[in-house]
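Peer 1: What follows is each chain in one-letter form.
There are 2 protein chains.
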Amino acid sequence: MATNGVKNMGNDAYEDVKRILGDASRLESLSGLAGWDELVIMPSGEGAAKARGAALATLAGVIHEMKTSEALGKALGDAECHGAKDVANLRLARDAYAKATRVPNEMVRRMAEVHSRGYQDWVKARAASDFSMFAPVLKESLELTKARCALVAPGKDAFDAALDDYERGMTKARLNEIFPVVRDAIAPLIRRVYEKKTPTALVGVKNPLEGEFDVDLQAKMSKEIAIKLGFDMSKGRLDVSVHPFTGGCGPNDVRMTTRYKANDLAEGLTGTIHETGHSLYEQGRCEEFIGQPVSEAHSMGVHESQSLLWERMVALSKPFSHFLLRELQATFPAEFDGVSADTLYAAMNTVKNPSTIRVESDELTYPLHIFLRTELELGLMDGSIAIDDLPAKWNEKMKAYLGVDITDDAKGVLQDVHWSSGALPGYFPTYTLGSMYAVQIYNTAHKQIADLDAKIEKGEFAELREWLRVNVHVVGSECESADELLTRVTGKPLDAQEYIDYLTNKYTELYGL
Amino acid sequence: MATNGVKNMGNDAYEDVKRILGDASRLESLSGLAGWDELVIMPSGEGAAKARGAALATLAGVIHEMKTSEALGKALGDAECHGAKDVANLRLARDAYAKATRVPNEMVRRMAEVHSRGYQDWVKARAASDFSMFAPVLKESLELTKARCALVAPGKDAFDAALDDYERGMTKARLNEIFPVVRDAIAPLIRRVYEKKTPTALVGVKNPLEGEFDVDLQAKMSKEIAIKLGFDMSKGRLDVSVHPFTGGCGPNDVRMTTRYKANDLAEGLTGTIHETGHSLYEQGRCEEFIGQPVSEAHSMGVHESQSLLWERMVALSKPFSHFLLRELQATFPAEFDGVSADTLYAAMNTVKNPSTIRVESDELTYPLHIFLRTELELGLMDGSIAIDDLPAKWNEKMKAYLGVDITDDAKGVLQDVHWSSGALPGYFPTYTLGSMYAVQIYNTAHKQIADLDAKIEKGEFAELREWLRVNVHVVGSECESADELLTRVTGKPLDAQEYIDYLTNKYTELYGL
Chain A
1 MATNGVKNMG NDAYEDVKRI LGDASRLESL SGLAGWDELV IMPSGEGAAK
51 ARGAALATLA GVIHEMKTSE ALGKALGDAE CHGAKDVANL RLARDAYAKA
101 TRVPNEMVRR MAEVHSRGYQ DWVKARAASD FSMFAPVLKE SLELTKARCA
151 LVAPGKDAFD AALDDYERGM TKARLNEIFP VVRDAIAPLI RRVYEKKTPT
201 ALVGVKNPLE GEFDVDLQAK MSKEIAIKLG FDMSKGRLDV SVHPFTGGCG
251 PNDVRMTTRY KANDLAEGLT GTIHETGHSL YEQGRCEEFI GQPVSEAHSM
301 GVHESQSLLW ERMVALSKPF SHFLLRELQA TFPAEFDGVS ADTLYAAMNT
351 VKNPSTIRVE SDELTYPLHI FLRTELELGL MDGSIAIDDL PAKWNEKMKA
401 YLGVDITDDA KGVLQDVHWS SGALPGYFPT YTLGSMYAVQ IYNTAHKQIA
451 DLDAKIEKGE FAELREWLRV NVHVVGSECE SADELLTRVT GKPLDAQEYI
501 DYLTNKYTEL YGL
Chain B
1001 MATNGVKNMG NDAYEDVKRI LGDASRLESL SGLAGWDELV IMPSGEGAAK
1051 ARGAALATLA GVIHEMKTSE ALGKALGDAE CHGAKDVANL RLARDAYAKA
1101 TRVPNEMVRR MAEVHSRGYQ DWVKARAASD FSMFAPVLKE SLELTKARCA
1151 LVAPGKDAFD AALDDYERGM TKARLNEIFP VVRDAIAPLI RRVYEKKTPT
1201 ALVGVKNPLE GEFDVDLQAK MSKEIAIKLG FDMSKGRLDV SVHPFTGGCG
1251 PNDVRMTTRY KANDLAEGLT GTIHETGHSL YEQGRCEEFI GQPVSEAHSM
1301 GVHESQSLLW ERMVALSKPF SHFLLRELQA TFPAEFDGVS ADTLYAAMNT
1351 VKNPSTIRVE SDELTYPLHI FLRTELELGL MDGSIAIDDL PAKWNEKMKA
1401 YLGVDITDDA KGVLQDVHWS SGALPGYFPT YTLGSMYAVQ IYNTAHKQIA
1451 DLDAKIEKGE FAELREWLRV NVHVVGSECE SADELLTRVT GKPLDAQEYI
1501 DYLTNKYTEL YGL
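Protein sequence lines correspond, in order, to chains A and B.
Using my numbering, the first residue of the first sequence is number 1, and each one after it goes up by one.
Using my numbering, the first residue of the second sequence is number 1001, and each one after it goes up by one.
Okay, chain A solo, but in the shape it has when bound (with noise of 0.2 Å):
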C-alpha cells in the first residue's frame, strides 16, 4: 500500500492529466465550433475557406502536441485514482496517449497527403466511373494503415486494430460471428418482400408522403418534433446544412443540422430525428466528467444506436405514426385529411426496389450494404482480397445479396467517400452495429417503461428519454466495449437474434409475408 506522500503524488498526477485533457478538450470544443460553422453559415469566399482550414490546422497542431506532451505522459505515469469513473477515465487516456504517441509525426503527414489525395482521385475517378484510377492510392492508403496498426497495437490484428478506433473493443471474432447469421437471414426476406412489391396498407391507396410540400413549413414541424423528442434549445442549435450532421462545442452546446427537400417530406423528418437522437446522447453526457474521456460517446456504433433508436424504433413505429399524423394534419392539413395511421405507418416503412446505393436505402437493404463492404474490408486487411479484384467483388456481392446487377463504378464500388479519405477498415460495420444496439437497448427499455407503447402514441417522450440518459447517456466510456454496456443494460451482449426478429415481424406484417 503506497504511503500518504506517494498517494498524494498519485492524486496530484491524476489531476495534472484531468486539468491536461481538459484544456485539449476545450480547444476541441472551439475546432467543433469552428467546423460548424464552416458547414452551415460561413461566408461563401474561397479567401474564408482558406482562412479557416488554416486556422483549425494550426488549432490541430496545438491540441496534438498537448495530447502527445511528455507532460501529460509523465502525469499519466505517475497517476492513481478510485471509483469506478476515475479508473475507466485514467485507463481511455493511457490508451489515447499510447496510441497518440506511438505513430511518428512523419507517419502522421504521409497519411494526411496519402488521404488527401486519396479524396481528389476519387472525386475523379468516380466522375469517369473508372476504379482503376482510385486503385493505386487505395493501395498507398491500405499499406500505411497496416503499417499504423502495427505501431499502436503491436501484436494485434490489424483489422481488430483499426477498428477500435471506431468500435472500441469491437474485434472482427465478433463481427464474424453476427453479421454473417443476420446477412443470411434478412437476405431472404429481402426477396419476399420484393415479391410483394408494396405493403399492404398502401395497396390501392394513394402514398400520402409523395407531392410538394412546403420546406418552410417542414422545417418548423421538424424543430417542434426535435423539441417534444428532448432536445433542449438551450443547450443546442438547429440548422439547415448541405449534409445533415451533428456537432458542436460540447454537451452544452450541441449544434446539429438537417435538410429539406420539397419533394421528399419524410428524409426531412427522419434525418431530423436521426440527429435528435445523437444529440440527445451529446446533451446526456455525464455532467461532472465533461472534458474528459471518460464523459465521451462510448464508440461510433453506440452513438448510431442513439440516433438510430429515435429514428427508426420510435418514428418508424406504429404508435409514433399517431402521433406523428396530428403533427402531420396540424401542418399540412390538406394532405393529410383522411390519411390513417396505419397508412402513414406503411408509407414511412416502404422498402426500396432496387437497393443500389447505400446512402439512399431502407431499414431493411441497409444492412446488406454494410456486410458486403465489411466482408470486402476483412478480405483487403487478411490479403484474401486485391484491390484491384474490388469491384468484380462488389458486383458480385450485390447480386448475391440484394439481386442488383452493377454496370457502372460510380454507382457501385465507387459510391461512398469514407476509404478515399482513409476510413478502411472498421467505419462502415459501426452503421449496423449501431442498429442492432438500438433495437436491443429498445426491447429492454419497452420492458422496463410501463406503457411505452401508448406513451408515445400520445407524444410523451421523457420517460424513455430519461432511461437512456441514466442507462447509456451518463455512462459514456465508462465500458471496455459495447458488449459490455449492452450487458449492462440489457442483460446480455449483443444478441443478433433480437435484431433479426425485429425486422422479420415487422416486414412480415408490413408486407403480409
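Each hint should be verified, as a subset may be incorrect.
Claimed, not checked - With a cut-off of at most 25 Å between alpha-carbon atoms, the simulated BS3-like pairs for lysine-lysine come out as follows:
hint, chain 1, residue 1, chain 2, residue 2
1, B, K1067, A, K67
2, B, K1050, A, K67
3, A, K220, B, K1220
4, A, K85, B, K1050
Simulated from the structure, these hints should not be mistaken for laboratory data.
Place chain B on chain A using the hints.
Peer 2: Relative to the frame of chain A, chain B by itself:
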C-alpha cells in the same frame, strides 16, 4: 554589412517570426469566431456560456504563450529584413513582444481579477447611483495601470504609455494641443444651436423619421445599403445582436452586427453604415501580410475614422440624403412619399437637447463628452484629480460644456462601463480623434475624386471605397503614428481646424445661425 551567411540567418529568423505570429493570428481568428458566436447565435443556456468562457480562456493562454515564447524572442533578436512593410512589421512585432514580456504573469492575473471585480462593483454602484461604492476598486485599478505603464515603457510618461495601447504614436502633448481648441470652438456653437431648437428645414414640417417602421424591412434595406457601400458578403456576414459590433475571423470573414428598433429608423441605418465602415477597413487589409501585425488596423482612432467617415461624412451628408431618400421611398413608400431630401437631411442631423448620455448623443455634442472624460483621465494620471473628486468634477464640466445639471451618478460619472474594466486612460480619446481623422481624410478624398458629391447622390461609392483602400486600408500599421498616416494621405498631420470648420459650417447652415 553582414556577410551572406549572417544575412540568411537573419532572413530565416524573420521567417520564424512570421510563422509564429501567423500561428498566433490564426488562433486569434478562432477566438474572434467564438466571440462573435457567443454574442450572436450561441444557445442561451448558462452551461454554454460557461463552457465558452473556459474555452476562450484556454485559447488565450495558448496564444499568450506563443507571443511570449523564448523561440519568438530569439527569432526577433536575430531577425533581419528589408522593404518598408517588412521593416515596419518587425518593429511592431518587437514592440509587442517587449510589452507582453515585461509584465509578469502575477500582474496579469492581478489585473484580470481587479478588472473583473471593477465591473461587478460598477454594476452595483450604478444600480444604487452611488459612486463611492465604485471608488475603492477604481483606485486599485488605476494604481495597477500606473505600475504596468512603468514596466512596459520605462521612463515614459504613464499617460502616454497607456494611450499608446489604444492610439499608437499619440501623446498627451498632442491631445493638449488639439482637444481644448476644439472644445472652446464647439461649446458656444452648441449653445447657439440649442437656442434655435430646430433645423430650419424642419420648422413646421413633420419629421419623417418619427414613427414606427417594420424591423424586417429596415434590416433588408440596411443590408442592401451595406452591400452598395461595398461590404463583400462573400467575405463576411451581417447579423443582428444586442450591441452592434464588427468582429469575426479576419479580412476574409468579417462579421458585423447591428440592431433595429421599430421606433428608431435612423439608429439601425446609421449603425449598419458605421459597422460597414469598420468592415470595409477589415476587408481591405493587405492580403500579402495577413496574420502579421503590419496588416492590422493602425489604431482604434484610425479604425473609428473609417466607420465615422461612412457614417457621418457620407451618410449624414446632403448628397447621400438624395440616395437615401430613394431607398426609403422604395422600402417605406407611404411614410416617405412627398418628403424632400432637404427635410430628410435635417431630420438625420438634428442635435439632441439636452445631451447627457454619451452613447445617445449626436455628432455635435459627442466630442464634449469625450473631452470631459479625457480631461478627467489626464488629471487622474498626473495626480491633479483624486478619484473621490470625480463626480463633482464630472458634473462641473457637464454644466460648463453642455449646460446640463447632473443630479444622479448613474446618469453622470457612472454611465460608461469602460473605466470599470481597465480601459483607463486612453480609450475614450480615440472616438473623437477618429472623427477628426475622418473629416480630414474625407476632405482630401473630396478634393482628389472628381464629382464625389454627384457620385454619392447617385449611389456610386466604389471610387471612394477604393481610394480609402489604397490610402488607408492596405497601409495597415505601416506608420508610426496617425499623424504620420495623415501626413501621407492628406499632406499634413491632424489639423483640428478642419474638424471645427466642418461642424461650424454644417450646423450654421442647418440651424440658420
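Peer 1: Okay, which hints does this one fail, numbers in order?
Peer 2: none
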